[in-house]
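Novice: Please put together the full structure from these sequences, using the hints given.
Chains as they are written, first to last, in this note's numbering: chain A, 1 to 112; chain B, 1 to 112.
These are computed hints drawn from the structure, not numbers from a lab.
Be careful, since some hints might not be right.
Among the chain B residues that face chain A by a calculated CB cut under 10 Å, a handful are [claimed, not checked]:
(1) Thr7
(2) Pro9
(3) Val13
(4) Tyr37
(5) Phe47
(6) Gly52
(7) Ser53
(8) Gln56
(9) Glu95
(10) Phe97
(11) Tyr101
(12) Phe102
(13) Gly103
(14) Ser104
Ranges of calculated distance between the beta carbons of each label pair, as one might list FRET restraints [as the list claims (entries may be wrong)]:
(15) Asp55/B / Pro8/A: 21 to 27 Å
(16) Ile46/B / Val60/A: 21 to 27 Å
(17) Thr7/B / Lys57/A: 27 to 33 Å
(18) Pro83/A / Asn98/B: 26 to 32 Å
Here the structure is a predicted model, which means the values were calculated and not measured.
Every residue, glycine too, gets a C-beta built ideally from N, C-alpha and C.
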Amino acid sequence: NAGVTQTPKFRVLKTGQSMTLLCAQDMNHEYMYWYRQDPGMGLRLIHYSVGEGTTAKGEVPDGYNVSRLKKQNFLLGLESAAPSQTSVYFCASSPHAANEQYFGPGTRLTVT
Amino acid sequence: AQKITQTQPGMFVQEKEAVTLDCTYDTSDPSYGLFWYKQPSSGEMIFLIYQGSYDQQNATEGRYSLNFQKARKSANLVISASQLGDSAMYFCAMESFNKFYFGSGTKLNVKP
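Specialist: Rendered as structure tokens:
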């Protein structure tokens, strides 16, 4: 039982490049979330999903896209990376909204 | 607008003493949830405690208790009998309208 996994763990991109971050959970959770954490700050919600095939915008969605084609996977895409997207990205899942979130280990992304 | 505020950037506590970490929130949602997470220097997010807005009693989990004062819109975390391993960042979070909002965190240092 792996819980929530994130791929990759680290990545360095050049400005303008694209990439996809993969989040996978094996707990059959309906809700999944993508956050970013900048130095000295709390987590900010980028996008979230309340079930397979659904996505919604969070607090800071600009520059990101997401997809939830399968219940267990939630993908975060950066179409044209910018230095302002340098951050640690966390994925989380939960059975429903008012419930503990289970977090992945994070992906450290640097955009140069 | 939904908002979470943590006004203590850093705190010190003597080992074995109790400490209170402050959190205030604002939301127009009549049904919301309040959470506390711990983030050690290793970076993972660890769930500590949850309080629902309709819960009559304050939540407790081992050495952690949540002092919920609904009229004041506060949800302070109390850690009893602090241990060296409690040194970490602590984040207050709120679930409201399916979205999560995190505070900026409090860095707790436990002194031997």
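Novice: Take the hints in turn and mark each one as holding or not.
Specialist: We went through each hint and held it up to the structure:
1. Thr7: violated (13 Å)
2. Pro9: With a minimum Cβ separation of about 9 Å from chain A (threshold 10 Å), the hint on Pro9/B holds.
3. Val13: Result: violated, 21 Å to nearest chain A Cβ.
4. Tyr37: Holds, about 8 Å.
5. Phe47: holds (5 Å)
6. Gly52: Holds: closest Cβ of chain A sits about 6 Å from Gly52/B, inside 10 Å.
7. Ser53: holds (9 Å)
8. Gln56: Not OK, violated: Gln56/B not within 10 Å of chain A, min 16 Å.
9. Glu95: holds (6 Å)
10. Phe97: For Phe97/B, the interface hint holds, since the closest Cβ of chain A sits about 9 Å away, which is under 10 Å.
11. Tyr101: holds (7 Å)
12. Phe102: holds (4 Å)
13. Gly103: Holds, because the Cβ-Cβ distance from Gly103/B to chain A comes to roughly 5 Å (cut-off 10 Å).
14. Ser104: holds (5 Å)
15. Asp55/B / Pro8/A: 21 to 27 Å: violated (39 Å)
16. Ile46/B / Val60/A: 21 to 27 Å: holds (23 Å)
17. Thr7/B / Lys57/A: 27 to 33 Å: Once the Cβ atoms are compared, 28 Å apart, the range 27 to 33 Å for Lys57/A and Thr7/B holds.
18. Pro83/A / Asn98/B: 26 to 32 Å: holds (31 Å)
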